[in-house]
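Student: Sequence:
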Amino acid sequence: MFHIRNDVRLPEQEWTRRCRTLPKEIQRDLNRYRRWQDRQAGLLGKLLLRYAAKKIDAALPELSTLATGAYRRPYFPYRPDFDFNISHTDGLVVCCSAVGMGRLGVDVERVGEVDLGEFRRVFTAEEYAQLQSSPDQVTDFYRLWTRKEAVMKADGRGFSLDPADINCLPERIGVDGTHYTVRELHLRPGYAAHLAARTLPEVTVHEVSLAELH
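Residues 969 to 1182, numbered by this note's numbering, are exactly what the sequence shown covers, in order.
Since no wrong hints were added, every one of them can be taken at face value.
For each label pair, taking beta carbons as the anchor points, the in silico distance ranges come out as:
(1) Y1046 with P1169: 21 to 31 Å
(2) A1093 with Y1046: 42 to 52 Å
(3) P1169 with G1085: 32 to 42 Å
(4) P1048 with P1103: 43 to 53 Å
(5) V1173 with A1035: 23 to 33 Å
Hint data in this document are derived by calculation from the structure and do not stem from the laboratory.
Here a beta-carbon is modelled for each residue, glycine too, at the ideal position from N, C-alpha and C.
All chains, full assembly: derive it from the sequences and hints.
Tutor: Encoded structure:
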């Protein structure tokens, strides 16, 4: 699992050079974003994926072989045993990857002020009651939400699922008969993050710099 900061805008020349190392289709997708933060997050996510894939197996396919499956989930059709997931938020991009573990899901959010009432509909009654009684509602909101979204991404259907149908309070979280293990990730102060998969051995987390991403 790798993460990289995304709080400083790349010089235009550096952005162009890095972007040109990616397949043309990915370049076009990145340039559709209007905000530089989103374009750069997309770029860093793909660079992290390429870096992570080569760390696992130098023989893994290039990004040009990426395909999109059901629910617009990207995958490598020639290596169905390899899975990955990318998430980004204000100032941070993360990428998890593994071979032989099935689908992975990761979510990261920057912790900030939140009106709990606006999110009532995305939680079960039990989850919402626990949040209301929490002495630190903001922190616990982001911890619970990243836990929930990581599971939805690991399921593969993402937001085609109703978040309020998934109780994320148990240690093992069930979705339509399939159960997921979830690990909290401590990446940087001020962020909440979780990783989900059907089984999760020990998780190694590394922060990388742009200079390391070839």
